[in-house]
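S.K.: This is what each chain is made of:
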Amino acid sequence: MDIKLMIVDDSLFMRKMLRGILEEDGYQVIAEAADGIEAVAKYQECRPDITTMDIIMPTKNGIEALTEIMALDGGAKVVMCSAIGQEALTQTAHAAGAKDFILKPFNPERVKEVIKRIAGV
Amino acid sequence: MDMSQYRELFISESREHLNSINELIVALEKDAGDRETIDSLFRIAHSIKGMAASMEYADIAELAHKLEDLMDRVRKGALPFDGGAADLLLEGTDLLEAMIADVEQDAPASRDIRGLVQRLISYPPPSTEIPSIKTHKTEQPPPVQPVPLNASGKDEGRQAGSDASQTVRVKTDVLDQLINLTGELITNKYRIMTISSQVGSGSLDEACVELSKLLRGLHDEVMKVRLIPFAAIADRFPRLIRDLAKKSGKEIVFEVEGREIELDRGILEELSDPLIHILRNAVDHGVETTEERLAAGKSSRGRIRLAARREKEQVVITVEDDGRGMDPAKLIASAIEKGVIKQEEGWLLSHREALMLTCVPGFSTAKEVTEISGRGVGMDAVKSAIKALGGNILIDSTLGQGSRITLKLPLTISIIQALVVNCAHLKVAVPVVNIIRTLELKRGLITTEGKHKVFYMGEEAIPLVSLNRIFGLPLSHLTGEAIPVFVSEVKGRKVGLVVDRFIGQQEFFVKPLGRPLVKLKGLTGGAILGNGEVVFILDVANLM
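Chains A and B are the protein sequences, given in the same order. All residue numbers for the first sequence refer to my numbering, where the first residue is 68 and numbers rise by one. All residue numbers for the second sequence refer to my numbering, where the first residue is 20 and numbers rise by one.
Okay, chain A solo, but in the shape it has when bound (with noise of 0.2 Å):
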């Protein structure tokens, strides 16, 4: 399987752990990004089939990382990553243009299946 994904997490932690489950499953983690700034820069440098982005994150939050790299390119696919109780922010990224959203604490596979249905494999 040939999909890159990029994964946007202001904790290391997350991030491991959802490199982990997303490789289990043969995708490929090309880029991590530790807040929004960094996001949209590695978006625009490495171009991901896939992104994952966290919500609450210092320098610039998911959804404004998300509206800019949405005005960059279109076909953007970007799933948010929120916790419970934060139901109004993802109706926000969803009209700002998120396709899917998986919740904190991640389970391995609700990430798998979300992931799944945006590469569409």
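In short, the hints are calculated from the structure, not lab data. The beta carbon of each residue, even a glycine, is placed where N, CA and C say it ideally should be.
Here are the simulated EDC-like cross-link-like pairs (lysine to aspartate or glutamate), alpha carbons at most 20 Å apart as the crow flies:
| no. | chain 1 | residue 1 | chain 2 | residue 2 |
| --- | --- | --- | --- | --- |
| 1 | A | Lys179 | B | Asp21 |
| 2 | B | Lys266 | B | Glu311 |
| 3 | A | Lys83 | B | Glu32 |
| 4 | B | Lys265 | B | Asp106 |
| 5 | B | Lys95 | A | Glu154 |
| 6 | A | Lys83 | B | Asp21 |
| 7 | A | Lys83 | B | Glu35 |
| 8 | B | Lys349 | B | Asp303 |
| 9 | A | Lys83 | B | Glu27 |
| 10 | B | Lys190 | B | Glu289 |
Now the in silico label distances, taken between C-beta atoms and shown as ranges:
| no. | chain 1 | residue 1 | chain 2 | residue 2 | range |
| --- | --- | --- | --- | --- | --- |
| 11 | B | Asp50 | A | Lys183 | 46 to 52 Å |
| 12 | A | Gly152 | B | Asp113 | 21 to 27 Å |
| 13 | A | Asn174 | B | Thr308 | 53 to 59 Å |
| 14 | A | Lys179 | B | Ser23 | 19 to 25 Å |
| 15 | A | Lys179 | B | Lys95 | 33 to 39 Å |
| 16 | A | Gly187 | B | Arg235 | 55 to 61 Å |
| 17 | B | Lys446 | A | Ile97 | 57 to 63 Å |
Fit chain B to the given chain A structure using the hints.
M.R.: Chain B in isolation, oriented as in the chain A frame:
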């Protein structure tokens, strides 16, 4: 999914966050309206919650969640950030720290979080007014401006993602292993050089010179890897000062400078306790109460400044306060009264020497033992700890204006320069930093005062002690006109230590002594000479 592989990462990342919380809360108490700080606090609690939930540490996740909720209320303007909120958050941070320590030690989750969780939910307590920190602040901080939910504002980005791609996390034992191997290589270099001098081969000598250069380079690089910014310990102190000031009812402004100055992690780890003690003294004995300060025409708030700076091959750390200062005459009187020094000795002490009396074991000028400075551990313990690191401590003080404690520390440990001396059949290495002077002392210059043999260095009478005698070795009959002596400081006093012979100076890789040798007083470690011979490293500060 096997989550145990992420456990260490959870512990280290949570700890980083908890350290930041302490700092941020103290900063927020100074400026309760700072939105960036409020956002950062919210985000950190949120992050810990997410990690703990993933690891299925339900209690940690629950407590972090309640801290996040409290900060969310502050963020949305529903709750002013006041002293009570700060106290609750700090209490939560302490409890989380304890719970994470439990995780690290595989202890079962046994902490009771219910009481605190309940207080977090129902804060502010409905029946009472919002409590304020009367002792710490002169007025209630202004309520926080409402912050839109999605605002992130600018942030210094302490998680700095852009740096993350160029750095790797390395376990500290790997770093220790690197320095160990480098040390062993240095020991081996001396072995090869010894052989080389016996063989008398020009090309082998050249190879040795090259090897020395390469090892010097390796040593420098390995030491660089071990450097950690001073911030790693200094960032805990604002919280400490805040708590101490609150407890003693004093108003204190605390400043830290030189957070970025780098030190060897081994030194930094050993530095934390002595600095805590010095800072406690500054709060407890240095800075006066508000009433005293106002009566003395000073500003009501005391000031304590912690600063680190690099000076050539040393790091200099200072703790300054603008408090009441120390009175040398009182110190001398107290020392005489306690029998630490004799009356006539007291007359001879300089201002600075009188101040150093505070570091003599058993000496304390505090009229009462307070909860803050505690019992038992005094400045003498601070001084021994600093000496053990190969450092030095200086005290300056002006009565009525304040005190300054200066710590001078080497940049590295483990690999040191030392002078090898002979005592009977034994070879001992004396760290160069502990030697004030070496001399071949002419017999005619030795006089007897009371029971002691002394010699004069300038105006100062230096007692002579035989190192052989200290170690219980047979005394040698030195026949020459002059005897080898090195002058060092033992428990605050200059002493001339007589040895049989000076052999020479070289660098040593010091290894800790195993049991039962570790119990021997006056020795701090061992090292191996080029010819395979073992030498002991002298612990001058604890020799007698």
